[in-house]
Amino acid sequence: MISDFTLAGARAALRQRDVSALELTNHFLTAIDTLNPVLNAFITVTPDLARAQAAAADAALARGDHGPLTGIPLAIKDLFCTQGVRTTAASRILEPFVPPYESTVSANLLRDGAIFLGKANLDEFAMGSSNATSAFGPVINPWTRAGDNRQLVPGGSSGGSAAAVAARLALGATATDTGGSIRQPASFCGIAGIKPTYGRCSRWGVVAFASSLDQAGPIARTVEDCAILLGSMAGYDAKDSTSANLAVPDFAAACRRGVKGLRIGVPREYRSDDMPAEIETMWQQGLSWLRDAGAEIVDVSLPHTKYGLATYYIVAPAEASSNLARYDGVRYGARSQGADLIDLYENTRAEGFGAEVKRRIMIGTYVLSAGYYDAYYIRAQKVRSLILQDFTNVFAKVDALLTPTAPSAAFGLGERMDDPLKMYFNDVFTVPANMAGIPGMSVPAGLDANGLPLGLQVLGKPFDEETVFAVAQAIETAAQFTTQPSIRAKG
Amino acid sequence: MAYTIEGNTGPWEIVVGLEVHAQVISRAKLFSGAATDFGAPPNSQVSFVDAAFPGMLPVLNQECVAQAVRTGLGLNAQINLTSRFDRKNYFYADLPSGYQISQFEHPIVGTGVVEIELADGSTRQIGVTRLHLEQDAGKSMHDQSPTKTYVDLNRSGVGLMEIVSEPDIRSPEEAGAYLRKLRSILRYLGTCDGNMEEGSMRADVNVSVRKTGEAYRTRCEVKNVNSIRFVMQAVEVEAIRQIEVWESGGEVQQETRLFDSARGETRSMRSKEDAHDYRYFPDPDLLPLVLEQSWVDALRAALPELPDTKRARFISDYGLTPYDAGVLVAEQSTALFFEAVAQGRDAKQAANWVTGDLFGALNRTGTSIETSPVSAENLGALLDLIADNTINGKIAKQVFEEMVATGAAPAAIVEAKGLRQVTDTSAIDAAVDAIMAANPDKVAEYRSGKDKLFGFFVGQVMKAMAGKGNPALVNTAIKAKLG
Chain P
2 MISDFTLAGA
12 RAALRQRDVS
22 ALELTNHFLT
32 AIDTLNPVLN
42 AFITVTPDLA
52 RAQAAAADAA
62 LARGDHGPLT
72 GIPLAIKDLF
82 CTQGVRTTAA
92 SRILEPFVPP
102 YESTVSANLL
112 RDGAIFLGKA
122 NLDEFAMGSS
132 NATSAFGPVI
142 NPWTRAGDNR
152 QLVPGGSSGG
162 SAAAVAARLA
172 LGATATDTGG
182 SIRQPASFCG
192 IAGIKPTYGR
202 CSRWGVVAFA
212 SSLDQAGPIA
222 RTVEDCAILL
232 GSMAGYDAKD
242 STSANLAVPD
252 FAAACRRGVK
262 GLRIGVPREY
272 RSDDMPAEIE
282 TMWQQGLSWL
292 RDAGAEIVDV
302 SLPHTKYGLA
312 TYYIVAPAEA
322 SSNLARYDGV
332 RYGARSQGAD
342 LIDLYENTRA
352 EGFGAEVKRR
362 IMIGTYVLSA
372 GYYDAYYIRA
382 QKVRSLILQD
392 FTNVFAKVDA
402 LLTPTAPSAA
412 FGLGERMDDP
422 LKMYFNDVFT
432 VPANMAGIPG
442 MSVPAGLDAN
452 GLPLGLQVLG
462 KPFDEETVFA
472 VAQAIETAAQ
482 FTTQPSIRAK
492 G
Chain U
351 MAYTIEGNTG
361 PWEIVVGLEV
371 HAQVISRAKL
381 FSGAATDFGA
391 PPNSQVSFVD
401 AAFPGMLPVL
411 NQECVAQAVR
421 TGLGLNAQIN
431 LTSRFDRKNY
441 FYADLPSGYQ
451 ISQFEHPIVG
461 TGVVEIELAD
471 GSTRQIGVTR
481 LHLEQDAGKS
491 MHDQSPTKTY
501 VDLNRSGVGL
511 MEIVSEPDIR
521 SPEEAGAYLR
531 KLRSILRYLG
541 TCDGNMEEGS
551 MRADVNVSVR
561 KTGEAYRTRC
571 EVKNVNSIRF
581 VMQAVEVEAI
591 RQIEVWESGG
601 EVQQETRLFD
611 SARGETRSMR
621 SKEDAHDYRY
631 FPDPDLLPLV
641 LEQSWVDALR
651 AALPELPDTK
661 RARFISDYGL
671 TPYDAGVLVA
681 EQSTALFFEA
691 VAQGRDAKQA
701 ANWVTGDLFG
711 ALNRTGTSIE
721 TSPVSAENLG
731 ALLDLIADNT
741 INGKIAKQVF
751 EEMVATGAAP
761 AAIVEAKGLR
771 QVTDTSAIDA
781 AVDAIMAANP
791 DKVAEYRSGK
801 DKLFGFFVGQ
811 VMKAMAGKGN
821 PALVNTAIKA
831 KLG
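Residue numbers (the working numbering), protein chains in the order written: chain P, 2 to 492; chain U, 351 to 833.
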């Protein structure tokens, strides 16, 4: 059953020639045909390209000349520029944009033999936690509450990537995480996802949201699948000045390390009165699994955690307001005519950007303005240093931290849309890792009372994704999370 | 005597600071690998980074950094081992990313000094506040279509050094001298070609006026003045305008103004209220720029001899006047030419020929020292012919003109035209005898005490010898024969 394949399983089957890359690819293309009208997980599907890549993969496999991902069909978040394939960032303003270049991360995947099924939906310019801000319509979560078929959000911004993987429309997906955009949708969709250390994956060719926070990473069904994908995506890139010139470790091997003797920190500030009891229960469950596996649990304090979200919503919009200035209708993308240059800018950007993007551009412009810069941007940068210092301090004592990924399970489509602050609160547990640049992974741990998946988050030291993988694997092994979403491809 | 402008209320002092944008000489742009050649077809030197395509990232060109450090060293300035790039945000069609990457708070070069020489022989120190690296913008072309603006991005992303002076300049002459000196230093260093006509060096001029002893009054910035002459004019007309404003009871408003060279006036461009809020913040795509002291030291060790040092050496080694030395070192090529001529010869004579006859000829023929028809080797050979008495000074001028016209070597010209100096005393004696015989009355007058007639005899003898007589021998012969 192809739908049951993990990425690692499919890879083994391909290498044993139990299944061909073309069979796999056709299976997923058919599944997308069937379910994408329901889920809207893909903005663009590229069947011809995928089949051509599959044919090349089969030829390589026949020669015994395969890379780490030869024949593996993936979804690519539509924030990664793909040469000759439209890349929209889920925005009207880039609707007609076809990049003449391939992002480093997607090029690395192609180098290793991956097949691209299409471009996954997302929140517009990756700004959102529900995938409801996409100009191409919301993504629907493949999960529904028990006995309730109302549509739920998949989380965001990598909602299309998460929904596609959860519904078995792809073996894995690329995603990006600026404030939780990999981990929160992974949690909402019952799958795994890792935001590696800032600098681990090149940002070159990825449409920028907030440059000091953006980091690419994989979403997949298992921890090991994420490790395999990250191994291909990561690596130094001279074209990105913030890329880390470090060797890429064997992440998949790290999954098998175990957690015996590791010290796992529990940050007390992540506990709040309004956190649902079942999330607290799940958290305690995760800690006891790790204890049972031989880890030592240590209470720690990250005192500046409470400023994380507020600080994030200054830094990220500030950078975004500048990064998005290039979408002006002059050189590429959508253009709305105007009587003069200013008119052209105003019309293009008024019609090209959605409400959430405009809101963040306005916030960002405001916090960088003369007279406000010191009070907002400078102060936020100082707090950011303190948040990083918090992590540096606790990582002197512990090897990793365990927290919930999100303060809730998936919520209904249309909920929390009236108040941006409620929406921003989704990122409360994920944002600190972006502010500090440290790796963070969400792994499915169980179900809430409504039968919706909940994820736990493992945070690690900078460039120590290996320990993060080991801890996440221990939770995955103990959790035995086998429940599948109600909407999924079969066969 | 300090420069002042006389107003109705008495003398006014002017205060000027200059911001010079100097295009960095480098093969590639500041943050992309695109080429930087001037005059290439529009939009033929544009990378995806320069056109700000989605997901494109800047990567700092180390050669531009080296050029900025060399320039800083040439300006006797502090090199900041840690500097940072910021984004200066504003919308314009020729600014693809919507921000210019610049250095706002932490420039690569700190305070330095430029020494200027003035016409009266005095020198002044003009402080340099800072030098920072930034990107140039593209070019908007409004004259290609009646309804549309065309944009050429070839210049977009080219490295610029913005060199900011202290408000130490006190006259149009000083402004000109500062720019000439700065340009000279940049050219010596090979960090900017200093070509203001092509826009590779541009100046914004900050001008205010005040009564002697006062604190600074409000200044205006005159933008993008594209020649040294225009800068000097702009300083003067803007100062006069401000004096008129103050003296008519008004108040000068801080604003940006444009210099109209055709009408010789400045015009308001935008007021302080309309000034952009550039929303500077550190560029998150770039790490702080950290330099090794050893690398800076290596650049310092490899610097060429700069104008000030060269000028001092010309004065001490060659015994030149400060003025001549200043003229000869202004352009590196002139200094090289001069030294080639002066090597092993009478240096003062060499300086006179270069600054006098050669400059005159270059001016007259519209050529430059690089394309001079008279090579340094040939001019040196001409001086040798004078020194060894092959020709006299007067004939040398004639030979030089021939060299300018034909580019030929002086010895060949002397031979071909038979200009060799006559030192044969019998030939000279014969010529003197002939002139005396032809002018018995003048001989009598001279002998009766009219000494002034000596010059007449010299002139007549030289004329008879077609200018080729050795002047000293001719003099001796005449003196002997007239008694």
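Because the hints were derived from the structure by calculation, they are not lab data.
Check the hints yourself; a few may be wrong.
[Unchecked claim] Within a straight-line C-alpha distance of at most 25 Å, the following computed SDA-like cross-link-like pairs (lysine to any residue) qualify:
#1 P:K240 with U:K498
#2 U:K498 with P:A340
#3 P:K240 with U:A385
#4 P:K240 with U:P632
#5 U:K622 with P:R146
[Said to hold, decoys possible] A short list of chain U residues far from chain P (calculated; beta carbon distances all over 12 Å):
#6 T354
#7 F435
#8 K438
#9 N439
#10 D444
#11 S447
#12 S490
#13 D627
#14 D633
#15 D635
#16 S683
#17 G799
#18 K813
[Stated by the list, open to error] Output of the computed footprint for chain U on chain P, the stretches with three or more beta carbons under 8 Å from beta carbons of chain U:
#19 142–154
#20 237–250
#21 368–380
Keep in mind that this is a model prediction, so the values were computed, not measured.
A virtual CB, placed ideally from N, CA and C, is assigned to each residue, including glycine.
How the hints compare with the structure:
With a CA separation close to 35 Å, the supplied pair P:K240 and U:K498 exceeds the 25 Å bound. A C-alpha spacing of about 10 Å is found between U:K498 and P:A340, which places the hinted pair at or below 25 Å, so the restraint holds. Among the hinted pairs, P:K240 with U:A385 is consistent with the structure: their alpha-carbon atoms are about 17 Å apart, no more than 25 Å. Restraint check for P:K240 and U:P632: satisfied, since their Cα atoms lie roughly 19 Å apart, inside the 25 Å limit.
Proposed proximity of U:K622 and P:R146 is contradicted: the alpha carbons are some 60 Å apart, above 25 Å. Every beta carbon of chain P lies more than 12 Å from that of U:T354, the smallest distance being close to 37 Å; the non-interface claim holds. The claim that U:F435 lies off the interface is violated: its Cβ sits roughly 10 Å from the closest Cβ of chain P, which falls inside the 12 Å cut-off. With 12 Å as the threshold on Cβ separation, the claim that U:K438 sits away from chain P is violated: the shortest Cβ distance comes to roughly 10 Å.
Not every C-beta of chain P lies more than 12 Å from that of U:N439, the closest at about 5 Å, which undercuts listing it as non-interface. The claim that U:D444 is not at the interface with chain P is violated, since a C-beta of that chain comes within 12 Å of its own (minimum 9 Å). With a least beta-carbon separation of about 5 Å from chain P, U:S447 fails to lie farther than 12 Å from that chain, contradicting its non-interface assignment. Listed as a non-interface residue, U:S490 fails to keep its Cβ farther than 12 Å from every Cβ of chain P; the least gap is roughly 9 Å.
Against the 12 Å criterion, U:D627 falls within the reach of chain P, whose nearest CB is about 5 Å from its own CB. In this structure U:D633 is not separated from chain P by more than 12 Å, as the shortest Cβ-Cβ distance comes to only about 8 Å. Against chain P, the non-interface label of U:D635 is violated: not every CB pair exceeds 12 Å, the least being about 5 Å. Look at U:S683: its CB is around 39 Å from the nearest CB on chain P, clear of 12 Å, so calling it non-interface holds up.
Annotated as non-interface, U:G799 keeps its C-beta farther than 12 Å from every C-beta of chain P; the closest such distance is 90 Å. With a closest Cβ-Cβ approach of about 76 Å to chain P, U:K813 is found to remain outside the 12 Å limit, as its non-interface label requires. Note: the stretch 142–154 of chain P has 0 residues with beta-carbon separation from chain U under 8 Å; the three-residue rule is not met and the coverage is violated. With 5 residues having a beta carbon nearer than 8 Å to a beta carbon of chain U, the stretch 237–250 of chain P meets the requirement of three or more and the stated coverage holds.
For the stretch 368–380 of chain P, the stated coverage by chain U holds: 5 residues have a C-beta nearer than 8 Å to a C-beta of that chain, and at least 3 were required.
The structure does not agree with the numbered hints 1, 5, 7, 8, 9, 10, 11, 12, 13, 14, 15, 19 stated previously, though it agrees with the rest.
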